[in-house]
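*Asks:* So you can see what is in the structure, the chains are spelled out below.
Protein chains: 2
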Amino acid sequence: MNKVFRALNDQTRREILKLLKEKDLSAGEIAEAFQISKPSISHHLDILSQADLVTSEKKGQFVIYSLNTTVLDDILEWIITLKT
Amino acid sequence: MNKVFRALNDQTRREILKLLKEKDLSAGEIAEAFQISKPSISHHLDILSQADLVTSEKKGQFVIYSLNTTVLDDILEWIITLKT
DNA sequence: TGAATATTTAGATATTTGTCTAAATACCTA
DNA sequence: TAGGTATTTAGACAAATATCTAAATATTCA
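These protein sequences, in sequence, are chains A and B. So the first sequence is numbered by UniProt numbering: it starts at 1 and just counts up by one. So the second sequence is numbered by UniProt numbering: it starts at 1 and just counts up by one.
Please note: incorrect hints may appear among the correct ones.
You can't tell identical chains apart in this list, so a pair holds if it fits in one copy or across any two.
[What the hints assert, rightly or not] Pairs of lysine-lysine, DSSO-like flavour, derived with a Cα cap of 27 Å: (1) K83 <-> K18; (2) K18 <-> K3; (3) K23 <-> K83.
Honestly, the hints are just simulated from the structure, not real lab data.
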């Protein structure tokens, strides 16, 4: 859960998740949505992957990223427990 | 919301919130629950305050900290929006 | 095969973060 | 008012983080 909190603690990464909510995207398409360099985006995607918030699949030259929200359940439960 | 995510991105601070869920505690009582120094705990409490996750009130020599979970609603909504 | 495209890896750098000790501040009580 | 307790502030330092450019790797296709 540590890795998930860590991954969520960055505006760029949170926006990447929002983008992937709409549809799967290649690394390049994700990078185009931001002003920062492709290697930096690649790094953010790696952190999101480590937290299991995204999955990726190689499709030819492209790497397609998808949102995985199942790991957010632990966070939700943690927060709700704190609130109740 | 940035500050809340930031505040939650630390194991010690998350444990402080858990403690405060049970009951209000002074800074010293909180510090006793951890192996790290009082100034470090004070710093963590400051970050939690900045995020509005805790409130504090001076009671004589003591500063009593209380949990405030209302700011977690935004986080909950953010996560749920991502999931649905 | 070789050039073009997509992505990641490597290495560098500035900033942020978590921690510490020492000192300052605030309050209580004898 | 002086000494003791509680807490925060200041300043230092090591580790983690976000970013960059350059280079490496993987894939496509003419």
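*Asks:* Hint by hint, note whether the structure agrees.
*Replies:* Each hint tested on the structure:
| no. | hint | in the structure |
| --- | --- | --- |
| 1 | K83 <-> K18 | both (25 Å within a copy, 10 Å between copies) |
| 2 | K18 <-> K3 | both (18 Å within a copy, 19 Å between copies) |
| 3 | K23 <-> K83 | between (32 Å within a copy, 13 Å between copies) |
Checked against the numbered hints above, the structure violates none of them.
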